[in-house]
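Chemist: Per the working numbering, the sequence shown starts with residue 112, numbered consecutively.
By construction, these hints were calculated from the structure, which means they are not laboratory data. Given the structure is predicted, the values throughout are model-derived calculations rather than measurements. Treat the hints with caution; some may be incorrect.
[To be verified] For lysine-lysine, the following DSSO-like pairs were computed, each having C-alpha atoms within a straight-line distance of at most 30 Å: (1) K170 - K183; (2) K195 - K183; (3) K170 - K156; (4) K156 - K195; (5) K156 - K183; (6) K195 - K170.
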Amino acid sequence: MSFYQRLNAAWDRSGSMLCVGLDPDVSRFPTSMRGSVDAIEDFCKAIVDATGDLVCAFKPQIAYFAAVGAEKQLENVCEYIRAK
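Throw the hints in and build the complete structure from the sequences for me.
Modeler: Now the structure itself:
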């Protein structure tokens, strides 16, 4: 299935054309969540859980993950989204 076909299927399934960007700017996180790259993963998964039934897609921004060495957490978030 092509990307376009998968996107159309997601539009039909969700009834929405909304895409949520996952741009975890740790400088804007609550103090209690700073200092751990795992907090980035937890934060993004919480956004996915809270909005998953309202959107057709998620768009993680690699630059925010890479800036703090959280590439593995980005992979985990992408796997989590695919599993939903």
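Chemist: Are the hints correct? Go through all of them and say.
Modeler: Comparing the hints with the structure gives:
1. K170 - K183: OK: K170 and K183 at ~16 Å, within 30 Å.
2. K195 - K183: Cα-Cα ~19 Å, so holds.
3. K170 - K156: Since the Cα atoms of K170 and K156 sit roughly 13 Å apart, the hinted pair holds (cutoff 30 Å).
4. K156 - K195: holds (11 Å)
5. K156 - K183: holds (14 Å)
6. K195 - K170: Between K195 and K170 the Cα gap is close to 15 Å, so the pair holds against 30 Å.
Consistency with the previously given hints is maintained throughout, with no hint failing.
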